[in-house]
Structures are given as C-alpha cells and as structure tokens.
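Peer 1: Got chain A sorted already, so can you dock chains B and C onto it with the hints?
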Amino acid sequence: MADTAESERASYGGSEHAGETRRDFLVVSAGALGILGGLIALWPFVDQMNPAKDVLALASTEVDLGPVQVGQRLTAKWRGKPVFIAHRTAKEIQEAESVPVASLRDPETDASRVKKKDWLVVIGVCTHLGCIPLGQKADDPRGPYGGWFCPCHGSIYDTSARIRQGPAPLNLFVPPYEFTKPTLIKIG
Amino acid sequence: MAATHHGNQPAADTSPPASLPAGGHNRIIRWIDYRLPFVSFIEHETTAYPTPKNLNYWWNFGSLAGIMLIIMIISGIVLAMHYVPSGDHAFNSVEDIRRDVNFGWLLRNIHASGASMFFIVVYIHLFRGLYYGSYKYPRELLWMLGVVILLLMMATAFMGYVLPWGQMSYWGATVITNLFSAIPWIGQYIVTWLWGGFTVGDPTLNRFFALHYLLPFVIVAVVGLHLIALHRHGSNNPLGIEHRGPQDTVPFHPYYTVKDLFGLCIFLLIYSVFIFYATDFLMNPDNSIPANPMVTPPHIVPEWYFLPFYAILRSVPNKLFGVTLMFSSILVLFFLPWLDTSPVRSARFRPWYRVICWLLPLDLIALGWVGANPPAGVVVTIGQFATAYYFLHFLVLIPLIGKFERPKPLPMSIGEAVLQAGSHLVPSGSTERR
Amino acid sequence: MPRFGFAALCAALLLCGAAVGTAQAEESGTPPLPNEQWSFGGVFGTYNRAALQRGFQVYKEVCSACHPVKHLYFRNLTEIGYTADQIKGIAAQYQVVDGPNDQGNMFKRPGRPSDHIPGPFPNDEAARTANNGGLPPDLSLIVNAREGGPDYVYAILTGFTEPPKGFHLTPGTYYNEYFPGHQIKMPPPLSPNQVKFADGTPATVPQMAHDVAAFLTWASKPNLEAQHRIGFKVMLFLIIAAGVFYAAKRRIWSRVH
Chain A
1 MADTAESERA SYGGSEHAGE TRRDFLVVSA GALGILGGLI ALWPFVDQMN
51 PAKDVLALAS TEVDLGPVQV GQRLTAKWRG KPVFIAHRTA KEIQEAESVP
101 VASLRDPETD ASRVKKKDWL VVIGVCTHLG CIPLGQKADD PRGPYGGWFC
151 PCHGSIYDTS ARIRQGPAPL NLFVPPYEFT KPTLIKIG
Chain B
189 MAATHHGNQP AADTSPPASL PAGGHNRIIR WIDYRLPFVS FIEHETTAYP
239 TPKNLNYWWN FGSLAGIMLI IMIISGIVLA MHYVPSGDHA FNSVEDIRRD
289 VNFGWLLRNI HASGASMFFI VVYIHLFRGL YYGSYKYPRE LLWMLGVVIL
339 LLMMATAFMG YVLPWGQMSY WGATVITNLF SAIPWIGQYI VTWLWGGFTV
389 GDPTLNRFFA LHYLLPFVIV AVVGLHLIAL HRHGSNNPLG IEHRGPQDTV
439 PFHPYYTVKD LFGLCIFLLI YSVFIFYATD FLMNPDNSIP ANPMVTPPHI
489 VPEWYFLPFY AILRSVPNKL FGVTLMFSSI LVLFFLPWLD TSPVRSARFR
539 PWYRVICWLL PLDLIALGWV GANPPAGVVV TIGQFATAYY FLHFLVLIPL
589 IGKFERPKPL PMSIGEAVLQ AGSHLVPSGS TERR
Chain C
623 MPRFGFAALC AALLLCGAAV GTAQAEESGT PPLPNEQWSF GGVFGTYNRA
673 ALQRGFQVYK EVCSACHPVK HLYFRNLTEI GYTADQIKGI AAQYQVVDGP
723 NDQGNMFKRP GRPSDHIPGP FPNDEAARTA NNGGLPPDLS LIVNAREGGP
773 DYVYAILTGF TEPPKGFHLT PGTYYNEYFP GHQIKMPPPL SPNQVKFADG
823 TPATVPQMAH DVAAFLTWAS KPNLEAQHRI GFKVMLFLII AAGVFYAAKR
873 RIWSRVH
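Residue numbers (our numbering), protein chains in the order written: chain A, 1 to 188; chain B, 189 to 622; chain C, 623 to 879.
So that you can see chain A by itself, here it is in the shape it has in the complex:
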C-alpha cells in the first residue's frame, strides 16, 4: 500500500503538491467537523447527570413564620436537609450577643448570623459528623447554653447555634435566605 501511494506520488510530480494541500485541507476540515460534532453531541450525555427539573424545583423553599410564637422553634426541610428556625426570646438574643467572640472555637458574631435579630435560621446538621441535634421540640434537651445538643457525640450549641463544647469544629451553617415578607422567608 505504502509503495503504491509512493509511486503514485512520484509519477504525479509537482501537480500532486497542490493536490495534497487541497486534500489535506478537506481531510482536516472533515476531521474538525467530526470532532466538533462529537463534542456538541456529548453535552446532553454529561448534562443529564446535573440535577433534573424536579430536583431544582425543590432548590428553594418558602417558610411562613407567622404561626411561630416567640420562644418557639420550627423545623423546615430544604434540599433534603432539616432547617432549624428559632423565634428567639429577648433573653436568648441577649445571651447570644454577650458572648466574647474571640473565645469561640468558630468565631462569629451573632449579628453576622442573622438578618433579623429575633429569627435564627440555620441548617440542623451537626458539623461534626452529620447527626441532627436536639433542641427543636419543647421537651428536647438544649444543653447548658440554651441552644442545641447533639446526642451522637455531645456537641453543644448556643442560642446563635455556635459550637461551644464537644467535638464539632464549626457553627451550624446559615443557609442563603431572605425575608420576602415580614413573616415569610425564602430559603435557597
């Protein structure tokens, strides 16, 4: 095969050079088109693994805070995780604000964790190994700081859901949320 092509090339001589360039251009552009088409065709197969529309529809949740009295706590669900919503009493707010921030394992001021002082919104998943801390129900243990207590390994959170004792390294996470109305929040 190689020698046939070789001899053909030799017999064609000079004119073949221009022909070769033309052939190369055609072959290269054909190859490029093929690769381009292949990459474009690949995208749906990759994108199908991204969250589907029904999952995205649950990407944000609205929670009505109206029924939650002062001192009460509500558990909402957002993206498959529990969200602790606490309507804080004046005492709880005062306790949260008076803690020296530098002494905290994960230093954060209370003001940086809330949008309105009387509402605390945090994801109810312990930052140690992922259990759901107790403290939402009226008869749950809340730990010595009046916040939340994780039964799995004893992490203790305060009224701003910051870690005070126990193995958890970080405060309970604050999800992205906003007040669309005075008593309505949209999480996510």
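If a hint is listed, it holds; no wrong ones were tucked in.
Now the in silico label distances, taken between C-beta atoms and shown as ranges:
| hint | chain 1 | residue 1 | chain 2 | residue 2 | range |
| --- | --- | --- | --- | --- | --- |
| 1 | A | Thr180 | C | Ala848 | 29 to 37 Å |
| 2 | A | Lys53 | C | Ile862 | 30 to 38 Å |
| 3 | A | Leu74 | B | Ile378 | 57 to 65 Å |
| 4 | C | Lys730 | A | Ser112 | 33 to 41 Å |
| 5 | A | Phe45 | B | Val406 | 19 to 27 Å |
| 6 | B | Pro505 | C | Ile862 | 54 to 62 Å |
| 7 | B | Ile416 | C | Ile862 | 34 to 42 Å |
| 8 | C | Asn815 | A | Phe45 | 46 to 54 Å |
| 9 | C | Gln717 | B | Phe469 | 38 to 46 Å |
| 10 | A | Glu97 | C | Gln717 | 37 to 45 Å |
| 11 | A | Lys53 | B | Pro326 | 50 to 58 Å |
| 12 | B | Glu328 | C | Asn745 | 53 to 61 Å |
| 13 | A | Lys137 | B | Val406 | 50 to 58 Å |
No lab work stands behind these hints: they were computed from the structure.
Ideal placement from N, C-alpha and C gives every residue a C-beta, glycine not left out.
Peer 2: This is chains B and C only, laid out in the frame that chain A set:
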C-alpha cells in the same frame, strides 16, 4: 527499541511481532505499545489490512451496525441512571425522563428510535450478505456469528420494550412469554420460571431490566468474534472473487474510514428525522397508557422489526407448530452456507438467483403487513402463502437454483474488472458492465 | 445491486404503510378524523401560548372535574406563559395531600409550584364509583395514547350527536361519531359559553375543543419546540458534514479511480 533499553533486558529478543516503527509516534506511546500492543494492533488492522477496492455502499452497513451498538449502549446507560425498574414506578420514571431530566427527551428518543435504526441497518447488512454470497466458504462462521448477533439483538429488543411498562409492553410480554408453554410437558414450568410468578409482573420486569442491561455486552463480545473472523480472510466484495494482490485492494484507512464516515452522516440524517420530528411514527399509541393487567388492548402488535416473525407464528393454528416455525425462520439462516449449492458467490453472476433473491425482502414486507393486521380474512391467507414461500425460498429454491442455474463467467480479478470499467473496454470472456 | 429491485422494495414498503393505515380506520367503523390546522403542526410548528392558556382554562374549569393530569406539575405552566406569581396563586387554590405529620396523620395543605397538579379523585376506585363504573383516563399523555392525536381529541369533543335511527344505545352511554364503537361513557362535556376566556375569545364549542386539544398536546409533548429547534440545527450540521466528507472521500479515492 534497543535504544530505549537501560541495559536490564537480555539483548537476545528485542523485536516484538507487531511493534511500531521507530520513527512514528512519541516515546510514551511506544513505551505502552511495547508492553500492550494496542496502538500497533489498531494500525495494523486498519492500514495493513487489505480491503477490496471495489466495495460499494452496501458495505457501509457493517460499520453502521457497530456504531448503532455503541450509541444504544451509551444512551441506555444514561437512561438507566434515571429509570426505575419496578411496576409502580417504571412508567412514571420514563415520563420523568421525558419531562424533567436535562435532555431526557433527547436521550429517550435516541434509544427508542435507535432500536429501529439498529434493526434497519442489520437487516440491510444481512441482505447484502445474502445477495453477494458473503456467507459462503470461507466465511461460514462469520455468517453464523452474525445470526447469533441477530438473535441476541432480538432478545435484547424484546426485553427492552417491556421496560416502559406501557400497555403494549405488558401485553406483548404476556403473549410472547406464553409461547413457551407450547413446549411439551415442561412448558408451563418454564413460563412460571420466566415470569417469576403467575403472570407477567414485578419480578418479570426486574429481571428483564437486568438482562436487557447485560445482553448488549454479550453482543459486543460476539461482535468482537465476528470481526476476528472477518479479518481472517477479509471482506467479500461485489464480484464475489478473492483478491489476488495489492492491485485489488486498498488499505482500510483512509479509504474506507472516510467512506464510512460519509455514510454515517447520511445515516445520522435519517436517524435525526426519527429523533427530532417523526418521533411517534414508530411508537404504538397504546404504550403511552400505563400497563393494566385487567384490560387487554384490542390489537397486540410488536414493533415493526418483529412483525414478519409474528406473522409466521400466527400462520398456523397449532401453538407448538407456530412457535417452532417462528424460531426455525431464524435458525434456517444458520444453514444457508450449506443450503446454497452454487459455486459462485455474487448474485451479479447468477442470473436466476439475482431475481429470486429480491423475492425474499418482498415476502418479508408482505409478512410484516400480515403481522400488523388482525388475523382475519385475506390477511390469514396471504400470511400462510408468505410463510410457505419463506421456507420454500431457503429450503427448496436456493439449493435447486444453485444446482441448475448457469452462472455468468467471472472476471479474472478485481483489479481487472475495475480497470475495464474505467476504460469502458469489454474484452472477451469478461464480466458484464459494472 | 439492481436499482430496479431496490425501487420495487421501497414501493412495496410504501404500499404497506398505506394499507396498514386504511385497514385500521375501516375496521373501527368510524369516519376519518377531521383534519384540523394546528399551530404546532409540521416541521416548523410552535405552540400558540394564548391557545394553551385558554386550553388550560377549559381543562381547569371543565375537564378537571373528572380527569387528572398527574404528570404535570404547576411549575410546568411557566412554559405556557404564566408568571411565577400567577402559578403560586393557581397552585394555592388547590388542596394537596401531604404527610404523615408528627402525629402520623396525612393532612391537606395549599399547593405549591413544585407539586403535581392534583386530580379530582384519590384513586381509580373512587373515580369509578363517581362515574358509574367508568374510569376517566388521565389526560397528561392522551394525545400520544390515541391514534390521530390532537385531531382525535378535537373530534371526540365535537363529535357528540343524536344516534342514527335504529342504533341501540346502551343506557349510561352517549353517542359519539368518532369514538370506536360510538358509545362513550363521557357525557358531552362542552356547551357554548361554558367558560369565559380571559382574553375575550368567544367560547364556542369548536374553539374550546381546539384550545383544550392544543393544551393537551403540549401536556403530552412539552418539549416539541425544543425538539424541532435542535433537530433543525443538527440536520443542518449533518448536511454540511455530509458534503465535506463526500468531498474528502472523492479526494482520497481519486488516487484509485
């Protein structure tokens, strides 16, 4: 190779059988290839593998079938990421794919239309083999492996159609699995074993999903054997005569790679019509109704590619005989290399067979029409005649024609025939016009 | 292979296709379906959002009394032109079953955009009891599930007439020109001006039937427009690619020919 040694190998044998030339490819590829000769294998099979230079476009369908297999596997795997194989959720999961999964509608259409495209390609590929005698010595095993692939495809497609769990899925599965009860003595036990219960149900659906996922990889393995057998003696060609040297052949790459890619573009155009526009053309409306074991659809019809065999099944009133006839219609293909008594391969040089060969697809179209219609009146009569012709064709006509027809004289070589066609000269004792 | 043989094959296939079609129509004993004009018909068709909204209104105010559309979510209605706020309002009109709550009971709450549109009955058995044993089919896929698609839906809705003389109508059924067997359990659902369209279109029976058929086509084929749009680009690309590959093929093969 010796240059890259570091003195820790014995100097004796440093020439592996199919190694890359020292000039081409970078060092990394040469390092890998010396230990796992994958690249040199591919290069050898595509550039050193002599392919007859006179192959026409009917030879594109083999590579198209291989590409369809890959498309079906990839689209099937991504669909399986979202499909739920339980009676309660199967239908809904397919709807979720169509509506909510990103590009889910596209993946589903590719897979559903792809099944039909796969069969179209394979039926044409098969007919090419029939017409040009590709099943004859020394390619009998190549042919038989192809029939095995066809059988595996049919099993895969049958189980795949059950998965959406529509009315036609459920009742088609019921009808076809019930056929096995025709087997004497143990038939009903086999059916119960297949079902995993007393009717088609959840266990049946689950196992069909597992097997539907498995079989395509078995097909891949058989296709591998098919290609090994092919490369042993190389492709047949429209003249049916063996190639005698480099003047008769061209390297597969780039000649047939570019021709196959062009054919692929045309094929994808037709495929796209079904994916994007004529989506419902091949889909039975009853399969958009969730399976209901209490309600039988008025007409239970399989997908078009099974219609001729469905017709053969229904052509005789006796259940066992019908089942036997249906399976025999495929099994008869295995014996074709020995049924055909002609010493000449290509129908080009066989004046009688050349015409009779076309009667087979016409007969299959007639059988397909019979299968699509309720078995009443003239449909039944035509079905019986067409079934009789099908077996007559293979068991009587092909052996007799081979014996009694006078074939035209064959050309001396492929190269000669190509040259003659180019120069329009017709020397004595030569072939007809190309 | 002889061109003649191949042409004969194609002709046979076309004949068969035609034969299958006519055989099915004759056998069901119904007249051919009316050939309506649909905005989404043909290769470049698109949905008419105004018609879809009117159709949704007809579904909501008439059909939803008996027929569910369980594969539709409220949030899908953004595709037919409603805003997120409008959809929140529509969803909130419905009571959706949720639960169990902490006491272990199922409870009802106002619908949200992420909910399925709830059907009129909790299950098939309740539906049958309320409808004299008949089961009103789910409409989310009805256009795909019937031969003739939107033409069929339109025909059924406008095809209620008096039975011809001598036709014995089973009690509890109604005569319909286009329903196979002519005896349908559904009473004629549409009457003139039954619905007051928000955009002021007169609510004649053909208008309502047309709009609800369009809405149900969208419900069955929500991605039709994307299909056509992407399909056009794909086929254009393939035509160009075919041309380039053909030229490359000719170039490479010129060494041999």
